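Q: Sequence:
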Amino acid sequence: MVNMGGLCHHHHHTIFLSSTNNTPPIHHKRSKKPTTAFAHPHNHSRASSSSSLSRLSRALVDTVSSGSMQHAHSLFDKMSHSNTFHWNLMIRGYTDNGFFLHALNLYLTMRFQGVPADHFTYPFVLKACGGLLDFREGEKVHGSLFKMGLAEDLYVCNSLIGMYGKFGHIDSAVKVFEEMPLPDLVSWNSMVGAYLMVQQYFTSLKWFRTMLQAGICPNKFSLINALEACSHCFYNLWGREVHCYALKIGFESDVMIQTSLLDMYSKCRLLSYAERIFDSISSRNIVAWNAMIGAYALNGQPIQAFDSLENILKDDKLAVDNVTLINLLPSCAQLGAVLQGKTIHGLAIRKSFLPHPVLETALLDMYGEFGILKLAEVTFDQMMDKNLITWNAMIAAYVQNDWYRKALKLFEELLSGYLKPDTVTIASILPAYANLASLRECRQIHGYIMKLNFHLNTFVSNSIMYMYASCGDLALACRIFRGMACRDIISWNTIIMAYAIHGMGRMSIELFSEMKSRGIEPNDSTFVSLLSACSNSGLVNEGWAYYNSMKLDYGIEPKIEHYGCMLDLIGRTGNLDQALSFIEEMPLLPTARIWGSLLNASRNKGNIELAELAAERILSIKHDNTGCYILLSNMYAEAGRWEKVEHIKSIMKKKGLEKTLPCSTVETKFRLHRFTNKQRSHDESAMVYEILDIISRNMGHGKCIHSATKFKPSELARKKANSPENHSVRLAICFGLISTKLGDPVLVRKNTRICEDCHVAAKRISHISKREIIVGDPKVFHHFRDGYCSCGDYW
DNA sequence: TTAGGGTTAG
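By my numbering, the letter at position 429 of the first sequence is numbered 434, and the numbering carries on one by one without gaps.
Hint data in this document are derived by calculation from the structure and do not stem from the laboratory.
Don't take each hint at face value.
Below 20 Å or equal to it, Euclidean Cα-Cα: the simulated DMTMM-like pairs (lysine to aspartate or glutamate) are [to be verified]:
1) Lys659 to Glu643
2) Lys784 to Glu566
3) Lys564 to Glu621
4) Lys654 to Glu621
5) Lys145 to Asp123
6) Lys180 to Glu142
7) Lys356 to Asp407
8) Lys746 to Asp762
9) Lys180 to Asp139
10) Lys784 to Asp749
11) Lys784 to Asp407
12) Lys152 to Asp101
13) Lys784 to Asp798
14) Lys660 to Asp407
15) Lys414 to Glu621
16) Lys746 to Glu761
17) Lys411 to Glu142
18) Lys654 to Glu617
The structure displayed is predicted, hence computed values, not measured ones.
With the hints as constraints, model all of the structure from the sequences given.
A: Spelled out as structure tokens, the structure:
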């Protein structure tokens, strides 16, 4: 016996095995049908081999089994059309070869011509309906079975279960199962499979267990199904038990079972177990290799995936297929290996694997992760056969690359078509709402999500939480978090980050303690949230403590994001030397975002030399981070170095990056009001300016960076229009003060960082008006109250 | 002549 790596010596729970008590259950006997019961005059016996009809029959049988249906049809045309057997043969031929529509049409013609269908006919016909996903016709066929007296036939019922499983009509499948006289192994397997089809993995396992309890001995297909269910439940204990079962009933060297086991262990993130199974396979076919490549991709070992490809290519008996490439593409994305990715794309074309919806979606996905959205779009646009997953992948590609408007446009297009969004669609599109939508729109999409019943899904809830926090409603985000039935690590990371971006670092820390006390293990993203919280709230000592604890207590190596947070934290203290040496001592290559953080710190401290250094580095790195360029451009503008400003503008233009037109929005009960700098077109602008004047007078003339700079006369007019008194955020705040309920905070969102002057102004306004003013920029929310800001004047 | 088949995009 092959020892499958000795993986299942111990199992504490015997969920599946307990009922069987070591004695293999008796295999349910297939009830052999009495041949006479359904015989009818059209059936010809094989005995009359001398007749020409029989010779033709023989020829038809041979032709159909050879798969050339065109030839078969011409033979069929020459024959008498009164023989049910011949019709069955033809229908089977079409079904087996995937010509489901032909099969169904032939059946309908058969009925039209009055030829009686029998218990052989229906399994083929039902399979064709299933293949076509034609549930109207499927139900009609089901209806006619009662009249034919075939509704209790074992094979027909099993086919019905299979068909309803394909439709996802699980209730109908259950009904057929419950009403059939004697379900057999196939019936049970079909039920387990039906639940797999609708992704109800837990229920599927429950059926498997019930089957064992009913004394049905599983065959290899039962185990393959059960393993698939286990692989989705992320609970390898059950998987190991099925593994033991496989050993017990002697399937340990069946390559299909082994491949299923490999996949199950891989999906349970037990890569070494998967490898041991793979090593124990004596004859590895391409499917096993593909599964192993998929396992390496899933478990973050892209190099190993490519090594496996080498091995496949070396072996003459193995041929790369489309699944090989599909499984390999995520590894290219992980490695950032654009060239290899494109090579695989080329290979797919050369090998005529395209068009292929799964492969094309995998390519789209990869290009999205590379950030090469043009190629992702081309792939999407060229696809003949787009399914929901394709749409989801394109939406996710846009969102991951911050192309939110495009994402929303595509989402709308999806809604107007025949495809219905699923939880993945929703979880993918919500970040776009988080970035662009008003609170009212957020509530609308939230309502829509509730109507679809998707709000119970943890992924979706997490995204809703993030959306509300990003749009300024932290309280609602918190309520959603508290109301969640099932919180995962992402839920905790999200709520910690929510308080972080609102400058309430103490709350983040409190939530982190709560999370630990509930026994939830933090991961690297938890620390990104936590360190952001410390940085945004100026909790310098706490930040360092968590940074050290992350490595020492949790064994998590800091990634570039963590270094970024720490750099913001150091920058806040104004110790620029420490900031610079922190970058120099980092084991990772600094990104534009890292230098941007130093640039920001230098600018805040007024250290032009260091700012210049950071700027040079930002420009020398290839990146598409619009924010970094804008930061740089603003800094030069403040210093009056217009030639540098123009230079950056030209770089951005060359890269196709658009400078976002600064704008601020404020929401009233009825609509969203949008302001740009020096905008006078708004209905209430006269009133707004009046308020602005009152406030300006009240404030005296605060610090104004621009006033200290000498402008060229030609630029003076432009600069004046752009002077801080006219900045959109002030217009929005003033409008908010006069158009929202007294006592409510004024919530303003803007697409660029608030300037120093406006920050001073907002503090004053909050003091004078005695109202809380919340200004959200792409990174943080400033909560202004009684003349103070939650950011501690560093952002 | 009849049912179920391992790897496949997020």
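Q: Holds or violated: are the alpha carbons of Lys784 and Asp407 at most 20 Å from each other?
A: Satisfied, since the Cα-Cα distance of roughly 14 Å is no more than 20 Å.
Q: With the threshold set at 20 Å, check whether the alpha-carbon distance from Lys152 to Asp101 stays at or below it.
A: Distance ~27 Å between Lys152 and Asp101 Cα, so the pair is violated.
Q: Is the Cα-Cα distance between Lys180 and Asp139 20 Å or less?
A: holds, 19 Å
Q: Taken at face value, is the distance from the CA of Asp123 to the CA of Lys145 at most 20 Å?
A: Holds, at about 16 Å.
Q: Please work out if Lys411 and Glu142 have their alpha carbons no farther apart than 20 Å.
A: violated, 39 Å
Q: Tell me if the straight-line CA distance from Lys414 to Glu621 falls inside 20 Å.
A: violated, 37 Å
Q: Between the alpha carbons of Lys784 and Glu566, is the straight-line distance 20 Å or under?
A: Holds, at about 14 Å.
Q: For the pair supplied as a hint, Lys654 and Glu621, confirm whether the alpha-carbon distance does not exceed 20 Å.
A: The hint holds at about 15 Å.
Q: Do the alpha carbons of Lys784 and Asp749 lie within 20 Å of each other, as the hint requires?
A: violated, 23 Å
Q: Straight-line Cα separation of Lys746 and Glu761 no greater than 20 Å?
A: violated, 27 Å
Q: Keeping to a limit of 20 Å between CA atoms, is the pair of Lys564 and Glu621 held or broken?
A: violated, 23 Å
Q: Is it true that the CA of Lys784 sits at most 20 Å from the CA of Asp798?
A: Cα-Cα ~14 Å, so holds.
Figure legend: structure checked against the earlier numbered hints; hints not met, in rising order: 1, 3, 7, 8, 10, 12, 15, 16 and 17.
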